[in-house]
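Enquirer: Protein chains in written order, with my numbering: chain A, 362 to 791; chain B, 362 to 791; chain C, 362 to 791; chain D, 362 to 791.
Treat the hints as calculated values from the structure; they're not laboratory data.
Predicted model only: the values in this text are computed from it and were never measured.
Among the clues, some could well be false.
[Unchecked claim] Partial list, computed: chain C residues near chain D (C-beta under 8 Å):
no.	residue
1	L517
2	H578
3	G604
4	Q607
5	P609
6	E610
7	L613
8	G723
9	G731
10	S748
[As the list claims (entries may be wrong)] Label-pair ranges, simulated between beta-carbon atoms:
no.	chain 1	residue 1	chain 2	residue 2	range
11	D	A637	C	P461	33 to 43 Å
12	B	L646	C	P461	41 to 51 Å
13	A	P461	B	A599	27 to 37 Å
14	A	P441	D	E789	31 to 41 Å
[As the list claims (entries may be wrong)] Partial pick of chain C residues on the chain D-facing surface, computed with a CB cut under 8 Å:
no.	residue
15	V438
16	R579
17	S614
18	W638
19	A725
20	E789
We put the beta carbon where it would ideally sit given N, CA and C, even for glycine.
4 protein chains.
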Amino acid sequence: MHNRAETPAPDPMRPASLADRYANIRATSEAICSPLTTEDHVIQSMADVSPPKWHLAHVSWFFEAFVLQPFAPGYRVFHPHYDFLFNSYYETHGTPYPRPKRGLLSRPTVADVHRYRAHVDDAMHDLLATLPQEHAEEIAARISLGLHHEEQHQELLLTDIKHILGTNPLRPAYRDDLPDPPAQPARAPAWLAYEGGVHEIGAAGDHFTYDNERPRHRVYLEDFLLADRPVTNGEFLAFIADGGYQRPELWLSDGWSTVQGAGWQAPLYWERIDGAWHHLTLAGLRPVDENAPVCHVSFYEADAYARWAGARLPTEAEWEVAAAEQPVAGNFREAGWLQPVAGLTRGRGPRQLFGDVWEWTGSAYRPYPGFRTLSGTLGEYNGKFMSGQMVLRGGSCATPDGHARATYRNFFYPGQRWQFMGFRLAGETQ
Amino acid sequence: MHNRAETPAPDPMRPASLADRYANIRATSEAICSPLTTEDHVIQSMADVSPPKWHLAHVSWFFEAFVLQPFAPGYRVFHPHYDFLFNSYYETHGTPYPRPKRGLLSRPTVADVHRYRAHVDDAMHDLLATLPQEHAEEIAARISLGLHHEEQHQELLLTDIKHILGTNPLRPAYRDDLPDPPAQPARAPAWLAYEGGVHEIGAAGDHFTYDNERPRHRVYLEDFLLADRPVTNGEFLAFIADGGYQRPELWLSDGWSTVQGAGWQAPLYWERIDGAWHHLTLAGLRPVDENAPVCHVSFYEADAYARWAGARLPTEAEWEVAAAEQPVAGNFREAGWLQPVAGLTRGRGPRQLFGDVWEWTGSAYRPYPGFRTLSGTLGEYNGKFMSGQMVLRGGSCATPDGHARATYRNFFYPGQRWQFMGFRLAGETQ
Amino acid sequence: MHNRAETPAPDPMRPASLADRYANIRATSEAICSPLTTEDHVIQSMADVSPPKWHLAHVSWFFEAFVLQPFAPGYRVFHPHYDFLFNSYYETHGTPYPRPKRGLLSRPTVADVHRYRAHVDDAMHDLLATLPQEHAEEIAARISLGLHHEEQHQELLLTDIKHILGTNPLRPAYRDDLPDPPAQPARAPAWLAYEGGVHEIGAAGDHFTYDNERPRHRVYLEDFLLADRPVTNGEFLAFIADGGYQRPELWLSDGWSTVQGAGWQAPLYWERIDGAWHHLTLAGLRPVDENAPVCHVSFYEADAYARWAGARLPTEAEWEVAAAEQPVAGNFREAGWLQPVAGLTRGRGPRQLFGDVWEWTGSAYRPYPGFRTLSGTLGEYNGKFMSGQMVLRGGSCATPDGHARATYRNFFYPGQRWQFMGFRLAGETQ
Amino acid sequence: MHNRAETPAPDPMRPASLADRYANIRATSEAICSPLTTEDHVIQSMADVSPPKWHLAHVSWFFEAFVLQPFAPGYRVFHPHYDFLFNSYYETHGTPYPRPKRGLLSRPTVADVHRYRAHVDDAMHDLLATLPQEHAEEIAARISLGLHHEEQHQELLLTDIKHILGTNPLRPAYRDDLPDPPAQPARAPAWLAYEGGVHEIGAAGDHFTYDNERPRHRVYLEDFLLADRPVTNGEFLAFIADGGYQRPELWLSDGWSTVQGAGWQAPLYWERIDGAWHHLTLAGLRPVDENAPVCHVSFYEADAYARWAGARLPTEAEWEVAAAEQPVAGNFREAGWLQPVAGLTRGRGPRQLFGDVWEWTGSAYRPYPGFRTLSGTLGEYNGKFMSGQMVLRGGSCATPDGHARATYRNFFYPGQRWQFMGFRLAGETQ
């Protein structure tokens with residue numbers, strides 16, 4: 362069983378360690394953007410997507426607004442308008458620049474943004490070197506939050522870049538040096554049985570988590586079955602072939618409206634070329650691997666597939682109970698595939714719970730019993746999104762290794778599918 | 362404690378009793394529309410609203426499509442096009458006429474619809490008199506469902522009529538013979554403490570319920586507090602006066618967008634006249650009674666109020682645990698007020714759980730563990746709406762007496778507020 | 362040649378004649394609505410359409426607002442809110458009730474509107490009986506305008522009723538007592554040659570015209586050809602068969618967008634039933650008569666047809682030069698067909714210039730040189746619509762006999778087609 | 362009097378001259394973009410605007426599609442997808458990439474576009490050097506059209522760049538080296554009287570014009586007055602101060618809807634800073650010069666101003682009659698101000714007819730009598746836009762010197778105002 366206490370996480374209260382993590386994570390964000398052209402940094406291909414240079418600036422603004430301005434004596438903001446331009450959604454901090462217009466800004470340029478990052482990094486370096494004792498704990502907590510925040514945006518950078526390039530009729534690849542994942546033989550999924558009763562889920566203890574993972578609390582579960590792997594492309598192809606996208610009885614009402622309105626016929630990024638299904642990856646157009654987890658499907662599609670298969674999606678509690686026993690290991694970003702890959706066929710127990718694809722659960726994103734937001738403006742971090750969205754679990758091939766946890770709650774609207782999203786089936790014990 | 366087994370509900374399998382209920386309920390629908398002009402029957406004041414004559418026809422179509430056509434030998438449909446016009450949303454039954462266009466139909470006329478009702482009623486009368494033994498159980502179950510369905514539409518008739526008249530600048534009253542409810546003294550709410558642990562919620566047994574109330578199952582609850590009455594108009598006025606509608610930190614993100622986009626400043630139907638708040642009732646414009654439950658607020662408003670008050674909304678399980686101990690009695694439609702009324706000040710324990718206003722809970726509308734839909738087309742009845750909506754409990758002043766139950770799950774989108782919707786607060790024990 | 366001076370028009374300054382015209386025209390409006398159900402009076406099937414009861418009230422409001430209130434001593438308005446509800450677009454008179462919401466009003470009822478009409482008629486009767494000498498001329502001029510205004514709405518009543526019934530899947534007929542027009546043999550169109558040079562168009566003299574027909578002024582025309590009859594359904598069918606709706610090179614850019622966006626494949630109200638084209642008429646669905654003028658086409662369709670045919674639409678000046686020589690006679694409303702009918706094959710010269718269909722011209726609706734609006738609020742009558750619209754000429758099968766003139770300028774947006782609109786071709790000499 | 366025959370225009374049939382013009386004009390387009398950052402080249406700030414790199418590519422595509430592919434033996438297209446990406450609106454050439462999505466393309470990059478330009482230029486250089494005799498005339502005509510086309514896009518580049526930078530909250534300047542125009546004293550406008558009668562307008566002769574300027578034809582004009590200069594900022598400020606934007610009686614109906622819907626309170630790019638009106642110029646924010654022509658107003662605003670001033674806009678024929686007598690000289694792009702400047706106070710006769718601002722006329726953009734489009738796909742060049750737009754005359758401070766003519770017809774929708782658009786008043790004699 363995975364024991365959180367054993368995680369060799371750096372002590373966030375130790376400035377040296379924090380400074381290292383700061384430097385590493387900040388450098389990684391820039392490395393992610395290094396294969397991009399200047400032009401790629403500017404595009405907002407849909408309202409959900411932000412231009413890469415906006416991400417690079419926004420994560421810096423987070424440190425400026427929540428760490429440097431309150432705690433770094435004599436800190437001078439880089440530019441008086443950036444507070445307006447790069448505030449994402451903190452309404453209590455000031456009116457943010459409208460999200461759907463982020464792609465209308467040619468200035469600040471990419472070079473300006475890099476200068477902004479350097480300016481913030483210099484000040485952060487100084488602050489970390491001479492941490493005012495009085496607020497050391499609060500500062501360290503905010504920096505830690507800021508770094509996890511930047512890691513989230515690293516994942517968003519990859520998914521947004523994929524969408525920006527995927528929208529382009531020229532179908533450019535993000536990187537042409539990515540190796541093809543090794544093929545694996547097909548393997549039928551197996552049901553794993555879990556015992557019901559009172560379980561505990563959610564986070565406890567001192568390690569970093571988001572507010573929405575807390576408090577740890579009891580839930581009652583019936584006995585349940587969980588598939589030992591996510592649904593694959595091959596399985597999803599059978600759903601398509603069986604008219605899945607044309608049969609209203611398989612869909613939630615809102616899902617059916619979405620399918621009809623958007624004309625969906627397959628997961629996002631799928632294209633049929635000369636009769637064969639391909640999909641866009643960060644390495645360019647590739648044939649669909651039938652044994653890899655299906656990806657870029659909405660909650661509606663996951664739910665419809667489950668109904669078609671005579672199963673259902675797991676609740677987030679069921680998922681967490683299964684995942685709590687597993688090591689947090691899998692096809693994360695550092696594995697280098699940047700796409701979901703076929704699971705191994707040998708071995709037992711659940712696999713691919715972590716990495717590959719975020720897994721849609723059947724749980725709406727709502728607060729845990731006793732949930733408390735952070736105080737002040739940072740209280741807007743997670744809590745205000747607790748309506749209309751569904752919980753996803755486990756992390757993806759674009760998630761930084763070390764970022765995900767068994768208790769980690771990701772959340773998106775049921776019609777969104779540009780993240781690396783898939784699902785696994787659950788069911789009742791006969 | 363309310364014991365469902367003691368409910369003197371008529372045995373739905375007994376044809377005579379079923380025929381009586383059929384006759385009563387069908388007559389009631391027409392009685393509800395009797396104060397309307399012909400013109401009132403035609404209007405669709407927004408996409409959520411249906412014209413009253415559409416309701417009158419649709420509930421008849423339900424019996425025609427699901428009882429008479431499959432089970433009444435030689436039944437002849439009243440009109441070949443009605444199946445298309447009055448199918449509400451059963452996609453597997455055929456493509457329904459588009460909902461937002463229901464207000465574009467002058468024909469069939471109100472008189473035509475009454476003839477349609479009579480045609481269906483005659484056939485139903487004959488069928489009930491000579492129930493084919495072979496399918497008696499299935500027929501009785503479908504008729505019972507059809508009657509509960511018609512009761513739901515009776516409530517919708519009242520809320521839709523209110524909206525149709527409320528949209529009209531002439532502010533006509535639905536009825537001018539409605540008495541004013543008696544005034545009650547103000548009374549501060551009290552917190553009632555409930556013990557946590559494993560509880561059971563949901564319906565079991567043979568009595569009629571919708572599929573979404575089943576199966577009865579265990580849930581784990583922490584200790585919780587529940588207010589002994591809903592939030593009142595007077596309390597909500599304090600929220601307004603404190604800038605509640607102008608402070609983003611009180612709102613869910615989707616809620617804040619809605620408030621901004623729609624320009625909400627008060628509950629629906631509220632108007633300030635010469636400095637005093639009035640609201641439209643089915644009896645016309647009336648001064649707001651500070652001691653009556655606040656009504657016509659969205660989930661977003663309920664949630665924002667709760668945050669402002671340092672509390673939260675109860676989950677549906679908490680609500681049901683509290684309600685299961687109470688008699689199903691209150692200000693339902695038959696009380697004759699057709700508006701929420703101030704609660705009594707004497708007595709102890711929770712009040713107004715049933716009737717007055719549907720109470721928003723903090724629970725998203727999702728299936729219970731082990732949920733199964735009805736088979737065939739009727740499987741679309743409830744299950745397909747299980748995304749994006751929130752659960753409301755308890756029934757309202759427009760709900761037919763006998764229709765609601767402690768296990769009854771109503772559901773609406775978080776931005777809707779034209780139903781008789783209010784809320785009560787919950788909180789953590791100390 | 363048609364000499365306007367000889368028109369035996371009643372002298373509008375003679376009260377007795379005016380009172381007769383008033384009584385006749387007012388009665389005719391009600392007669393037009395008499396075949397309707399109460400429900401038909403309420404519907405607004407699209408934003409361009411007004412509910413018939415709105416028309417009946419609005420034309421009465423015109424007399425109340427512009428004649429009775431300013432000139433009838435002691436006149437008491439029927440209802441204080443009607444000024445708001447039935448003001449169509451006179452912004453300087455007060456903010457009008459939003460046009461697209463006219464179909465949301467069940468009240469005032471049809472009976473209320475009839476009472477309103479009677480109230481106005483009584484007061485008008487009294488005013489006409491005791492015309493205050495001082496303002497007699499102004500009053501008579503306004504009444505005359507009000508009556509022409511009501512005649513315009515009589516035509517709109519017929520076109521709106523057609524749309525209201527035509528939107529209904531039950532395809533009800535407005536009247537089932539309308540005879541079928543007699544069939545006529547096909548006849549190829551002939552070109553009539555007109556000599557260019559300086560011509561005069563527009564109205565002069567004392568007879569009633571709208572402000573937009575004045576002043577009479579000179580225009581220079583090149584020699585031109587004009588078809589001796591409008592384009593027929595049979596000719597338009599050849600355009601459809603030749604892929605007319607699928608070939609972008611035939612269309613104006615805005616027209617092509619409209620065709621693509623709206624999915625047009627044929628004129629409005631056309632339906633192919635068992636392979637044969639039918640169209641909705643006020644008498645119900647009828648087979649398309651190949652020899653009758655094509656109707657319910659937009660300017661875009663008329664223009665595309667003309668390009669396909671190697672011709673063009675006439676300018677309004679060309680049309681008027683041709684029409685000024687013809688008697689104002691044709692298939693107007695009083696002919697009783699209420700649809701365009703095939704023209705006679707014998708005879709010479711232009712035919713069907715008046716009646717049958719309003720003919721799209723190639724002229725944008727702009728002011729004549731020296732145009733002056735009426736003073737005060739009535740100045741909004743015509744002038745403010747002089748952008749974005751095209752001129753149509755000649756009157757239709759729904760226009761009251763005596764209402765149209767050679768100088769009459771009707772105008773609609775190029776994408777509108779619910780009026781009885783057709784066109785005739787023009788071309789260059791040689 | 363300006364005599365077109367004397368214009369020392371290079372003979373477009375002489376290859377050497379054509380090659381020079383080609384080289385100059387192509388180089389100018391790149392010079393216009395040289396002050397831009399790479400990021401500026403990518404933005405589409407509204408649907409009407411195209412990204413600068415799109416302009417640079419599209420004008421090259423024009424030569425590729427209409428000159429090189431048909432006439433350059435062995436020409437190899439630069440990229441197979443560019444034909445799709447950079448076709449602006451030639452539907453008969455293939456389905457164009459959707460205009461409102463031009464800002465979603467990061468690729469081809471700016472460098473790619475420059476390579477594309479060089480590729481086309483090389484091939485054009487070769488073609489011009491060895492012009493195939495057989496098609497020399499057609500080729501020269503198409504190249505000439507392509508160069509005028511590129512000049513039009515040079516003007517659009519400046520107006521689109523202004524909008525792209527003007528949309529940015531940082532308000533960057535296009536160039537910070539632009540001098541301030543010299544101040545001029547105020548001078549009241551004078552009316553110039555023109556005699557009516559039969560006039561000729563439109564182009565004749567062999568010199569280059571667009572198809573829409575032809576044929577030269579007669580028109581009849583009444584005597585008219587024309588202001589000797591455009592309306593100034595100072596005059597327009599008086600309109601604003603007099604409540605011009607709040608008074609519906611001054612506006613066309615469509616104009617009033619636009620003002621209400623868009624919330625216009627002043628011309629585009631105007632901002633009140635500390636009580637003083639400033640406007641964005643290509644040199645950055647500048648105080649409004651009261652003596653310079655008002656600019657960035659829509660037809661609706663021009664028309665409302667004229668009504669407020671008791672005047673009207675001139676027709677395009679009136680404007681052309683006045684302009685035909687004047688030299689084609691004024692504040693064009695080469696003057697270097699890149700903004701409208703105050704006119705001189707000395708001298709007589711009309712001034713600023715050419716340059717400074719395109720002047721809205723009261724004429725809808727429709728074909729001249731006898732208009733013929735170019736044959737083939739190039740027939741889409743002008744003719745298909747002849748609905749819904751108004752004619753503007755005279756050229757602006759962003760128009761290349763030598764591009765405009767007295768007969769030149771520019772056209773925009775009445776609500777557009779991002780071009781350098783102003784107006785002058787006209788009126789009736791006496």
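Enquirer: Indicate, hint by hint, whether the structure satisfies it.
Expert: Each hint, compared with the structure:
no.: 1; hint: L517; verdict: violated, 17 Å
no.: 2; hint: H578; verdict: holds, 7 Å
no.: 3; hint: G604; verdict: violated, 13 Å
no.: 4; hint: Q607; verdict: violated, 11 Å
no.: 5; hint: P609; verdict: holds, 4 Å
no.: 6; hint: E610; verdict: holds, 5 Å
no.: 7; hint: L613; verdict: holds, 5 Å
no.: 8; hint: G723; verdict: holds, 6 Å
no.: 9; hint: G731; verdict: holds, 6 Å
no.: 10; hint: S748; verdict: holds, 5 Å
no.: 11; hint: D:A637 / C:P461: 33 to 43 Å; verdict: holds, 40 Å
no.: 12; hint: B:L646 / C:P461: 41 to 51 Å; verdict: violated, 25 Å
no.: 13; hint: A:P461 / B:A599: 27 to 37 Å; verdict: holds, 36 Å
no.: 14; hint: A:P441 / D:E789: 31 to 41 Å; verdict: violated, 54 Å
no.: 15; hint: V438; verdict: violated, 23 Å
no.: 16; hint: R579; verdict: holds, 5 Å
no.: 17; hint: S614; verdict: holds, 4 Å
no.: 18; hint: W638; verdict: violated, 27 Å
no.: 19; hint: A725; verdict: holds, 3 Å
no.: 20; hint: E789; verdict: holds, 6 Å
Going down the numbered hints, you'll see the structure goes against 1, 3, 4, 12, 14, 15, 18, while the others check out.
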